[in-house]
Each structure stands twice: as structure tokens, then as C-alpha cells.
Amino acid sequence: MPRIRTLLALATAVAALAGCGVGGGSGEAAKQTVATDSPLKGEISFQTWSLKNDKFTPYFTALIKDFENQHPGTTVNWTDQPGDGYADKVTSQVTSGSLPDVVNLPPDIAHAVAKAGGLLDLGRNVPTLNQDYVHSGLKAYTYADLGTATYALPWYLGTDVSFWNKAMMQRDGLDAAKPPKTFDELVAAAKVMHDRSGGKDYLMSRPPGLGDIVNSGTQLMTPDGKKFAFNTGGAAAMLDKYTAAYKAGYLPSNVLTSTYEGNSALFVKQQVAWTTAGGNYIQSVQQSDPSLAPQIVPSPALDTAPLYVQGISVAAKSKNLPLALAFAQFATDNANQVAFIKLAPGYLPGTTAAAGDPAYSKSDGTPQGDASVYAYQDMQNAVNFTPPLWTDAMNTALNQQIALAMTGKESSRQALDNAVNQANQLLAQ
Amino acid sequence: MRSHRSYTPWLLVAPALLWLAVFNLWPALNTSVLSFTNVHTLSGGSFIGLRNYSLMWQDPHLRDAILNTLVFMAVCVPLLTFLPLLLALLVQRTLPFMGFFRTVFYFPVIASAVVVAMIWQWLLDDRGLVNGLAQQAGWIHSALPFLTDRWLLLFSAIALTVWKGLGYYMVLYLSALGNVRRELHEAAAVDGAGTVRRFWSVTVPGVRGTMALVAMLIAVNAMRVFAELYVLGGRTGGIGGQDVSLVMLIQQAASGADGRLGYASALSVLLFFLTVGPLLLLARWNRRED
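Chains as they are written, first to last, in full-length UniProt numbering: chain A, 1 to 429; chain B, 1 to 290.
If you are wondering where the hints come from, they were derived from the structure by calculation, not from laboratory data. Heads up, some of the hints might be wrong.
[As the list claims (entries may be wrong)] Partner residues aside, some chain B positions facing chain A, computed with beta carbon under 10 Å:
no.	residue
1	14
2	16
3	93
4	121
5	129
6	132
7	151
8	237
Nothing here was measured: the structure is a model prediction, and the numbers come from that model. Each residue gets a CB set at the ideal place from its N, CA and C atoms; glycine is no exception.
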């Protein structure tokens with residue numbers, strides 16, 4: 001009996017301690033109203049994502065110095081996290097209670113942090129939110145499952161532009177001045193390139209994803225936004241076309257395996273003549289491969305362009321909320337956003353005053369200038385393809401099913417049915 | 001004096017026990033408790049009874065994961081139990097350059113599993129060295145799908161694991177072979193036993209304890225296979241996730257800002273019981289032979 005009692009006591013202790021480890025997010029912290037009438041003082045931390053480099057470091061140094069000068073007695077400690085594994089880094093910061101006071105988060109990561117009660121509702125604390133910031137950006141940080149709160153100030157907006165390798169296209173009988181404008185034209189041009197090069201050159205080089213499903217005219221979710229329902233005839237037809245193109249050899253055979261480096265890497269290696277990338281892609285290539293840059297011709301994104309948003313959030317558990325909120329607003333105000341975007345042509349500011357500036361629609365005549373204008377034009381109608389409820393696990397399930405369809409192991413319709421079922425099961429968990 | 005002696009051994013083992021309790025026992029117990037909750041990476045969980053365990057059987061990849069893991073173990077255990085023994089017998093001799101060969105065979109053990117898997121990935125890719133040479137030689141017309149066919153990918157990962165593990169287990173056998181009495185071999189030779197007969201009648205019984213240990217180590221490692229399949233097959237576990245292993249399934253469930261830690265814990269408990277089963281069988285076999 002004493003042994004049983006000891007075991008029971010141990011089990012109870014384990015359960016209690018494990019309960020502590022579970023942790024939990026409270027929405028109360030997010031709903032607080034920050035007092036902004038007292039003078040600003042003290043320290044805060046500010047975290048960006050992969051922006052500490054020769055190009056951006058001087059900007060952030062000046063931005064912080066400027067803020068500190070305007071508010072004597074304040075200090076902003078800037079840290080930058082590398083590009084890879086940012087979600088994991090933020091996750092560990094949240095669980096260890098060390099999330100920076102002001103933090104750059106994309107909408108999907110912000111959703112997870114906000115769900116755990118980790119972000120301040122900015123709609124409650126920035127009265128001019130809707131007038132100052134672009135609505136598409138605000139919408140990306142307002143989540144149906146979390147009410148009407150807004151969890152970030154839109155910082156910069158991006159989209160995809162198409163980039164073509166002029167030399168490769170000429171070599172295989174295609175005209176880079178008249179590139180494909182739709183997915184169907186792309187497949188037709190991919191066939192020409194494949195046939196003319198004897199299968200050595202590729203135009204298409206990526207398997208389809210969520211964006212392609214949306215571009216097939218499919219709504220990802222049911223009208224009430226509670227379930228995924230993208231297993232439509234249109235999506236299956238799109239997947240059928242990809243499957244036929246893959247079987248015909250118009251895509252590299254390894255696009256479904258771990259050896260696939262991504263269409264951007266293959267484009268730089270000149271194995272593929274088309275890639276999609278942000279509006280400043282030519283400028284980036286100019287630095288990494290000056291011989292390739294003159295060969296690149298930009299054109300608008302095929303079909304509907306995707307919208308990418310980056311925002312600046314405030315940690316709900318910040319010990320200096322007034323200062324954190326003030327700095328977040330300062331970093332994302334119109335003047336600072338305009339100055340920031342000058343360093344990254346092809347992106348748009350998240351402020352309404354700047355985003356509609358016609359100056360962004362004028363090219364300087366260079367391919368990079370043209371790309372920036374295409375990005376500006378695309379962004380007027382760009383769509384954020386990824387719903388906030390879409391998780392990594394759902395994306396894995398979709399990619400697995402797409403791979404099964406493209407290798408002929410399942411029909412497109414069955415693959416989409418399976419992906420939808422798995423996504424809905426994950427949603428219910 | 002006597003009472004002093006009674007707690008001295010406990011004091012000596014206390015650091016080890018503390019280590020075991022904090023870094024092994026506690027996480028194991030915590031995992032078991034979490035398996036009954038719906039805790040996610042960033043959100044607190046509540047008790048949900050056996051729901052995670054019932055969800056497991058609806059997981060479309062669980063059956064594949066168990067099958068792949070068991071096949072991986074079933075093939076790796078005999079291969080990695082016997083091949084290193086044969087290799088140890090070869091390099092045990094005191095011939096010129098034998099030290100060099102021992103080092104060469106041990107070399108893959110030093111390299112990280114990820115680096116080794118990447119090298120094999122380059123070898124086995126559609127445009128890799130193996131397919132390229134085979135096509136140039138005219139043995140095949142189209143590339144063999146080492147990385148896209150379910151079973152070819154699994155057996156490629158097994159080949160990689162065997163290649164990488166040979167050297168390590170060879171070293172274990174080398175020390176065990178040193179304890180097999182030379183007189184037994186000589187007596188068997190005098191009685192007319194050939195090389196094969198002496199191997200089965202003298203060498204194998206002499207190293208059986210080590211063989212059992214090696215088999216158990218391989219079984220445990222095989223049940224935890226991850227890096228080989230992850231790098232060769234990709235993060236989704238090959239085409240359609242058909243080559244996913246149990247540990248990959250756990251990693252997939254627990255990763256990301258929306259990681260399902262409760263569900264991943266339930267999978268970990270399943271992995272624990274699946275690992276303990278073969279270990280008990282091997283231990284029982286070893287005891288019976290004794």
C-alpha cells in the first residue's frame with residue numbers, strides 16, 4: 001500500500017508539473033488599452049527579420065537614433081534574426097517570455113502569437129489605424145477566429161513579378177518581349193522550350209501550390225470561413241494540367257524531391273528561363289551575378305498576383321507598452337516607410353498616403369524600373385492567398401497530395417479531396 | 001561506521017540518478033502526461049483523455065510510418081549485426097596497411113548523418129552519379145527513381161545507414177574478437193574444422209554477447225530513423241509522404257508555431273512501446289542462448 005501511495009503521489013506531482021509546462025495564452029493582455037499621455041522613457045527591444053546588412057543597417061541605425069533624439073531618455077535595442085527558422089525562433093521567444101517589445105512578424109506567425117495572447121490589439125490603441133494604413137495590409141492581420149482585433153501595423157507590401165531569361169528564350173525560339181501571360185500560355189511555351197532544346201532547358205520549374213488553386217477560380221474555404229473546400233473541378237483541372245506537363249517533361253523531374261532547389265535557384269543557374277520573385281529581384285541578381293542581370297526581362301505576374309505583407313507588432317506582455325507602441329507607430333509612419341521602400345524598389349509602403357503615390361507607377365526605363373512598376377500595378381489587385389488558419393501541417397499535407405497526383409499515384413480530384421479532409425481534420429484539432 | 005557505509009554508494013550514484021531523473025525520466029513522464037492533452041506550441045492545453053490516441057488511427061500516414069520504420073529495422077538489424085563482424089574479422093589481421101583500412105571503414109561514422117545523406121542524395125538523384133554512370137554504360141535508358149519510388153527510397157536510406165554504421169560496430173566487434181580465446185580456434189582447427197565451421201562454432205558464440213548488444217543498439221537506432229529519410233526524401237517524407245518514419249511524423253506534428261505537441265507526445269508514447277517490444281524479444285533471445 002505505501003508503494004501505491006507513493007506512486008499516486010508521484011503521478012499527481014508529475015501531472016501538476018506537466019500542467020505548468022503546458023502554459024497558455026490569455027487574450028486579456030492583448031485587449032488592454034495603453035496609456036499614451038505620460039512622457040516616454042525607458043528601454044525597449046525591437047526585432048527585425050533578416051534586415052541587418054550593408055543596405056539596411058544604416059537605415060535602422062538612423063531610425064532608432066532619430067526616435068531616441070525625439071524622446072530623450074529612451075533606448076531602443078535593435079536585434080535582427082536570420083531568415084531561416086524565424087517561426088521557430090519567435091515561438092521559443094513566446095514560450096520563454098522573451099518576445100521583443102516591438103517585433104516584425106508576417107501574418108501567419110503573428111496569427112499564432114496573437115492566438116496565444118502574445119500581441120497587443122492595435123485597433124484598440126491606434127485611433128487612426130484605418131485612415132493611416134492600407135486596408136489589404138490591415139486585413140492580413142485581422143483574423144476571423146480571433147475577433148475584430150488587428151495585430152500589426154502594415155510595414156511593407158510585396159508581390160510576385162515574372163522574370164524571364166532573354167538569352168535562353170531566344171535560343172529556344174521564344175520571344176522574351178512577348179512572355180506568357182496566363183498559366184495555359186506558360187505550358188504552351190514550356191513545350192516549345194522543351195522540344196527545341198531536346199529537354200535540356202526548362203521554362204516551368206515549380207509544383208503547384210495554394211496560389212495556383214486560387215488562380216483556378218477556387219475559393220479555399222466555405223463562405224462561413226469555417227472549413228476548407230478547395231477540392232473543386234477547377235482546381236482538379238489545374239492540377240491535371242500540371243500533371244500532364246510534368247509527365248511530358250516540361251518541368252525538371254526532381255521538382256517533387258528533396259533535391260529540388262527552387263525555381264529561383266535554378267533560374268540563377270540558367271537551367272530555367274522563368275521565375276517569380278519580389279519586385280527588387282533584378283537589383284539582387286545584379287549584386288550576386290552581374291552577368292545574368294542584363295539578360296533578365298520582367299513582366300507582370302501570371303493571372304492574379306499574390307500579396308505578401310510584413311507588419312510590425314507590439315508584444316502584449318511588454319513591460320514598457322507606451323514606448324513600444326510609440327516606436328512601432330514611428331517606424332511605420334509615412335515618412336519612415338517611404339524612406340525604407342527607397343532601399344527596396346518593387347515593394348510598396350503600408351501607409352495609405354504613400355501606397356497610392358503615382359511616383360511608383362513611373363519607370364526609369366531600366367528593367368529594374370519596369371519590374372518596380374509591374375509590382376506596383378500587380379499590388380493594386382493582388383490577393384493574400386494564404387488564409388491565417390492555414391498551417392505548416394496543412395501545407396505539408398497539400399504538397400504530399402499534389403506530389404501523389406503529379407506522379408500518377410492518385411487522381412487530381414482524389415488528391416484534392418484527401419488534402420481538404422486532412423486540412424479540415426487538422427483544423428478541428 | 002556501518003551506517004556511514006550504507007549511504008555512501010547512494011551518494012556516489014546520486015549525480016547520475018539526478019541526471020537520469022531530470023533529463024530522461026521527467027521528460028518521459030511529461031510526454032506521457034502531455035499525450036492526454038491538446039496542448040499546442042503556443043497555446044495551453046486541456047485534458048482530452050484518449051482523443052490523441054484515437055486520432056492516431058485516423059492519421060493517413062501512421063500506417064506507412066509504422067511499416068517503414070519496422071521494415072527499416074527488420075533489414076538493418078541482421079545486416080548491421082553480421083556485416084561489421086565479417087569486416088572486423090577481415091581487418092583484425094596484422095597485415096600491412098590494416099590500420100589504414102580500419103580508419104577508412106570508420107571514417108563514415110565521424111561524418112554527420114546529414115552530410116552523409118546529402119552525399120548519397122547527389123549520388124542517387126535522377127541526374128546523379130549512379131544514374132549517370134549507369135546510363136552512360138547503357139545499362140539503363142531512363143534514370144532509376146531512387147529518390148521518388150517508395151521502396152527504392154527506403155532501401156537507399158537503409159543502404160546509407162548500413163554503410164555509415166559498419167565502421168562503428170566493426171570497432172565494437174574488434175574488441176570482442178580480442179577476447180575470443182585463440183586456443184579454441186586452434187583446437188577446432190586441429191579437429192579439422194574449416195573457416196566457416198570455426199566462424200559459427202567458435203567466433204559467433206565467443207562474441208554473442210556483443211552481437212546481442214549490437215542488435216539492440218541497431219534496433220533502437222532504426223526505430224528512431226530520421227535524418228537519412230529526411231534528407232534523402234525531403235521534409236514531407238518522399239513523394240506523398242509514403243516514406244515517412246515515426247520520428248518524422250512526430251517532428252511534423254510538433255513543428256511550427258501551430259505544432260500539435262499533445263498529438264506528437266501520443267506518437268512518442270507509441271514509438272516507445274514499439275521500440276520496447278523488439279528490445280524485449282532480443283533480450284529474451286540472448287538470455288535463452290545463455
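* Asked: Of the hints stated earlier, which fail here?
  -> 1, 2, 3, 5, 6 and 7
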